[in-house]
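Student: Put together the whole structure using the sequences plus the hints.
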Amino acid sequence: MYGLGILKGMWVTLTHFIDSYVEDIKWLGRNRYYSKEGIQHRRSKDTKGIFTVQYPEEKLPVPEEFRFVPFLVYDVDEEGNKHDRCTSCGICAKVCPPQCIWIVRTEDPVTKRPVPEPVDFFIDVDICMNCGYCAEYCPFDAIKMDHDYEMASFDRHAEHIFNKEKLSKPASYYAGIRPTNYNREETLKAEEAAKKAAAAAAKAAAAAAKPADGPAAGSTPAQ
Amino acid sequence: MTEATTAAPVEKSELEKRFPDAVKADARPGYAGFLVDTSKLIEVATALRDEMGYDYLSSVTAVDYYSDAPNAENFIEVVYHFYKSTGGGALELKVQTPRENSTVPSLTPLYAGADFQEREAYDLYGVNFEGHPDQRRILMWEGFAGYPMRKDWKEAYFEEEVKPFKNRWPEGQVYRIEDRNPFNKNNAYPQGFDPTGFKETDDPKLYEVLERAAREYSEDIDTEQVVVNLGPQHPSTHGVFRMAVRLDGETIVALKPVMGYLHRNHEKIGERNTWTMNMPFTDRLDYLSSMSNNFGYALAVEKLMGDKAAPPERAEYIRVIMAELTRISNHLWAIGFLLNDLGAFFTPALYAIVERELILDIFEATTGSRMMCNYFRFGGVARDLPEGVLEKIKSLVTERLPRKIDELDIYLSENELVRSRSEGIGVITPEEAIAFSTAGPVLRASGVPYDVRRADPYSIYDRFKFDVTVRQHGDVYDRYMIRIDEMRQSLQILNQALKDLPGGEIMNGKNPYQVRVPAGESYGRVEGPKGELGFYIVSNGKGNPARYHVRAPSFINLTVLEKMCVGQKVADVVVNLGSIDIVLGEVDR
Ligand code: SF4
Ligand code: SF4
Numbered sequence: 001m002y003g004l005g006i007l008k009g010m011w012v013t014l015t016h017f018i019d020s021y022v023e024d025i026k027w028l029g030r031n032r033y034y035s036k037e038g039i040q041h042r043r044s045k046d047t048k049g050i051f052t053v054q055y056p057e058e059k060l061p062v063p064e065e066f067r068f069v070p071f072l073v074y075d076v077d078e079e080g081n082k083h084d085r086c087t088s089c090g091i092c093a094k095v096c097p098p099q100c101i102w103i104v105r106t107e108d109p110v111t112k113r114p115v116p117e118p119v120d121f122f123i124d125v126d127i128c129m130n131c132g133y134c135a136e137y138c139p140f141d142a143i144k145m146d147h148d149y150e151m152a153s154f155d156r157h158a159e160h161i162f163n164k165e166k167l168s169k170p171a172s173y174y175a176g177i178r179p180t181n182y183n184r185e186e187t188l189k190a191e192e193a194a195k196k197a198a199a200a201a202a203k204a205a206a207a208a209a210k211p212a213d214g215p216a217a218g219s220t221p222a223q
Numbered sequence: 001m002t003e004a005t006t007a008a009p010v011e012k013s014e015l016e017k018r019f020p021d022a023v024k025a026d027a028r029p030g031y032a033g034f035l036v037d038t039s040k041l042i043e044v045a046t047a048l049r050d051e052m053g054y055d056y057l058s059s060v061t062a063v064d065y066y067s068d069a070p071n072a073e074n075f076i077e078v079v080y081h082f083y084k085s086t087g088g089g090a091l092e093l094k095v096q097t098p099r100e101n102s103t104v105p106s107l108t109p110l111y112a113g114a115d116f117q118e119r120e121a122y123d124l125y126g127v128n129f130e131g132h133p134d135q136r137r138i139l140m141w142e143g144f145a146g147y148p149m150r151k152d153w154k155e156a157y158f159e160e161e162v163k164p165f166k167n168r169w170p171e172g173q174v175y176r177i178e179d180r181n182p183f184n185k186n187n188a189y190p191q192g193f194d195p196t197g198f199k200e201t202d203d204p205k206l207y208e209v210l211e212r213a214a215r216e217y218s219e220d221i222d223t224e225q226v227v228v229n230l231g232p233q234h235p236s237t238h239g240v241f242r243m244a245v246r247l248d249g250e251t252i253v254a255l256k257p258v259m260g261y262l263h264r265n266h267e268k269i270g271e272r273n274t275w276t277m278n279m280p281f282t283d284r285l286d287y288l289s290s291m292s293n294n295f296g297y298a299l300a301v302e303k304l305m306g307d308k309a310a311p312p313e314r315a316e317y318i319r320v321i322m323a324e325l326t327r328i329s330n331h332l333w334a335i336g337f338l339l340n341d342l343g344a345f346f347t348p349a350l351y352a353i354v355e356r357e358l359i360l361d362i363f364e365a366t367t368g369s370r371m372m373c374n375y376f377r378f379g380g381v382a383r384d385l386p387e388g389v390l391e392k393i394k395s396l397v398t399e400r401l402p403r404k405i406d407e408l409d410i411y412l413s414e415n416e417l418v419r420s421r422s423e424g425i426g427v428i429t430p431e432e433a434i435a436f437s438t439a440g441p442v443l444r445a446s447g448v449p450y451d452v453r454r455a456d457p458y459s460i461y462d463r464f465k466f467d468v469t470v471r472q473h474g475d476v477y478d479r480y481m482i483r484i485d486e487m488r489q490s491l492q493i494l495n496q497a498l499k500d501l502p503g504g505e506i507m508n509g510k511n512p513y514q515v516r517v518p519a520g521e522s523y524g525r526v527e528g529p530k531g532e533l534g535f536y537i538v539s540n541g542k543g544n545p546a547r548y549h550v551r552a553p554s555f556i557n558l559t560v561l562e563k564m565c566v567g568q569k570v571a572d573v574v575v576n577l578g579s580i581d582i583v584l585g586e587v588d589r
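In the order they appear, the protein sequences are chains F and R. Position one of the first sequence corresponds to residue 1 (my numbering), numbered consecutively onward. Position one of the second sequence corresponds to residue 1 (my numbering), numbered consecutively onward.
No lab work stands behind these hints, which were simulated from the structure alone. Among the hints, a few may not be true.
Said to hold, decoys possible - Derived DSSO-like pairs (lysine-lysine); straight-line CA-CA distance at most 27 Å:
| no. | chain 1 | residue 1 | chain 2 | residue 2 |
| --- | --- | --- | --- | --- |
| 1 | R | 404 | F | 48 |
| 2 | R | 94 | R | 303 |
| 3 | F | 164 | R | 166 |
| 4 | F | 36 | R | 404 |
| 5 | R | 40 | R | 94 |
| 6 | R | 404 | R | 465 |
| 7 | F | 189 | F | 59 |
| 8 | R | 510 | F | 195 |
| 9 | F | 36 | F | 48 |
| 10 | R | 151 | R | 392 |
| 11 | R | 17 | R | 40 |
| 12 | R | 394 | F | 45 |
| 13 | R | 166 | F | 59 |
| 14 | R | 392 | R | 404 |
| 15 | F | 59 | R | 394 |
| 16 | F | 189 | R | 510 |
| 17 | R | 94 | F | 8 |
| 18 | R | 24 | F | 48 |
| 19 | F | 36 | R | 394 |
| 20 | R | 394 | F | 48 |
| 21 | R | 510 | F | 196 |
| 22 | F | 45 | R | 392 |
| 23 | R | 465 | F | 166 |
| 24 | F | 112 | R | 256 |
| 25 | R | 392 | F | 36 |
| 26 | F | 48 | F | 59 |
| 27 | R | 404 | F | 59 |
| 28 | F | 164 | F | 189 |
| 29 | R | 94 | R | 166 |
| 30 | R | 499 | F | 45 |
| 31 | R | 268 | F | 45 |
| 32 | F | 189 | F | 203 |
| 33 | F | 26 | R | 392 |
| 34 | R | 268 | R | 151 |
| 35 | R | 392 | R | 465 |
| 36 | F | 8 | F | 82 |
| 37 | R | 542 | R | 303 |
| 38 | F | 26 | R | 404 |
| 39 | R | 268 | R | 542 |
| 40 | F | 82 | F | 112 |
Tutor: Okay, structure coming up:
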């Protein structure tokens, strides 16, 4: 019958229309809108009816892996001193696809060896393409991708080149936004440290054992 | 795969035997295919098409072999990839021409699909294709100075030949590049061009071509014809894209697409980048299906890198899962917006987008970004599926998506208005579809069962059972239906991949920030949602690609647009364009 297809189609639209009210009634007494639980449900596989989110009053939760313009991680020791994790090794600057990272390294005036902590660190956030490479390839877990995506400002010329001060955030913040990653890294680090400590202890033990048979050890180089 | 590799050597000797003087195997290490004498190219290509069955010209591009060292052998090479529309591996031809007055015979009369690709090579490399019916610039504007893909051409804001740039570390001299290189420095203009007084010309060449095409359409023009520009700012063009049409009343007599408004010389950027850096840039080609783009690029590079970059099993499965989810999300979008073009304003599109959003949630949780996924690495994927994601994929694939695709089908496919607006519109015959090098849904809706996943399997697609979708009418309705069919096949693949997904590593070895790619060339292609997406890369053993070319399916599919539209009403143009499903990020590159 001509027109049956249209009717079927309109039936689909109608069910969608009715569903949005049915959902609201089902949620009576609970908050379908402006609540975490409600938003969560609207993003689930069972979602029906109204799907959209009223930004900025409602915000979608971002998953842990979500990445936006990176930040630098610093640790705080017991006395409250900040220590940059960054060693200015330059890997992130070399791997950054749009080349928006600038790192100022410095050297010790006496020894002429590079000083680990960078003097300054710039990221042009207009150019950053949020690819996540810097965080992925940093060998010191010193730069991580942020979750804060609301960084619009009125002036793009002066404010969008972030310096070290603006980029730095404490490790506790990192642990807060990326708990799984943080814990994994910390466990790894602890394991490494334990291994190192064990190796050092073994060495110390060996060294302690050495003086006893010192003459024997001294005789080996003669071979 | 096996069929292709065993079949190729026979053909090789055959071709060399046929043309002993004109064809010789490319013996450079890491290279394949044949070098052909420029003067014999047409003859060889004709034999390929008519006698050997290589009827599908997939890709045409140029490479600039250039070095400023004294006595360097500098030339431009035009590279062709031919396939059989029945399946199998590539046959690659190359012709070489000097950098001055580069001239190569045009293959457009033989393979209509060479049209836009040759224009692109002319535009970006300055290769003159003799016998091309309409050789104009295609991505740059008429009157642009220079050929931007040539190695000695430098872009505005040029910093250094290759990344990483030296001043980023350890001195870190930060500056805004616009401050250092103001607009009028470091730019080349044609003589007599005043950038401050720039006015859009009225494209005399374009209108001339339109008029010529109109005359071909009908000799006895007595009605007054008008030229209408649809776009570049037009809601139906899916981006900044323009169609110059010549109308006789309501009937299209000629149509020429005008593009390049979003051109950013992606390939040049790619050649300045390191191998790794290109991955996130591929996301920005067809930004609706970044996972497929990643896939194609990773394949091409892995081919050159060999076994040390062979992805482990789990990574292969994850790749396929992501690629098929991408296909579904892309087709949902394509169908939604095709319905928009048909006049069903946004209700179907929004229903489709809900499902797409749920898929993007998965991408976001896995890769960190909804659209710019940057997920593939050479030899695996960036990270494993986080907790809960696999369950979410399973619940979508087994419960929700099949139901929703059926709903979309019931909602739209039988609708009489949809049918009367799309059946018999924009018909492309199988012969035309092959000749015009169309790919993906456009090709298969015209009755050609060609799908790279089956015709020339890559990754682990040979392990899955699925049907190559095909529809017979080649009209807009079939191009709509084929996408519904394809989504169902994707679900089938997903079900199998999810069932078999093994545990284990997701990277072959470490994920280094610099990779070594041995010298040579490779062409990696995947069946992207929009069609065959290919990456032709050349390595000279250094840290950056010497050549990085994208065979963009939306761009090449546009070649057939005029054919679809001529003789039809102006209202059908929009629908025809929608049924090709283009993304301007990929068309313009
Ligand atoms: S952030 Fe990491 S990769 Fe970048 S310089 Fe510092 S330590 Fe090196
Ligand atoms: S996220 Fe990517 S673009 Fe941004 S600073 Fe890091 S490496 Fe550079």
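Student: Next, verify each hint and record whether it holds.
Tutor: Hint check:
no., hint, verdict
1, R:404 - F:48, "11 Å, holds"
2, R:94 - R:303, "20 Å, holds"
3, F:164 - R:166, "20 Å, holds"
4, F:36 - R:404, "26 Å, holds"
5, R:40 - R:94, "12 Å, holds"
6, R:404 - R:465, "22 Å, holds"
7, F:189 - F:59, "35 Å, violated"
8, R:510 - F:195, "21 Å, holds"
9, F:36 - F:48, "17 Å, holds"
10, R:151 - R:392, "47 Å, violated"
11, R:17 - R:40, "14 Å, holds"
12, R:394 - F:45, "10 Å, holds"
13, R:166 - F:59, "41 Å, violated"
14, R:392 - R:404, "16 Å, holds"
15, F:59 - R:394, "26 Å, holds"
16, F:189 - R:510, "18 Å, holds"
17, R:94 - F:8, "55 Å, violated"
18, R:24 - F:48, "63 Å, violated"
19, F:36 - R:394, "24 Å, holds"
20, R:394 - F:48, "19 Å, holds"
21, R:510 - F:196, "22 Å, holds"
22, F:45 - R:392, "8 Å, holds"
23, R:465 - F:166, "53 Å, violated"
24, F:112 - R:256, "65 Å, violated"
25, R:392 - F:36, "19 Å, holds"
26, F:48 - F:59, "19 Å, holds"
27, R:404 - F:59, "26 Å, holds"
28, F:164 - F:189, "25 Å, holds"
29, R:94 - R:166, "36 Å, violated"
30, R:499 - F:45, "20 Å, holds"
31, R:268 - F:45, "42 Å, violated"
32, F:189 - F:203, "21 Å, holds"
33, F:26 - R:392, "23 Å, holds"
34, R:268 - R:151, "9 Å, holds"
35, R:392 - R:465, "23 Å, holds"
36, F:8 - F:82, "66 Å, violated"
37, R:542 - R:303, "16 Å, holds"
38, F:26 - R:404, "22 Å, holds"
39, R:268 - R:542, "16 Å, holds"
40, F:82 - F:112, "24 Å, holds"
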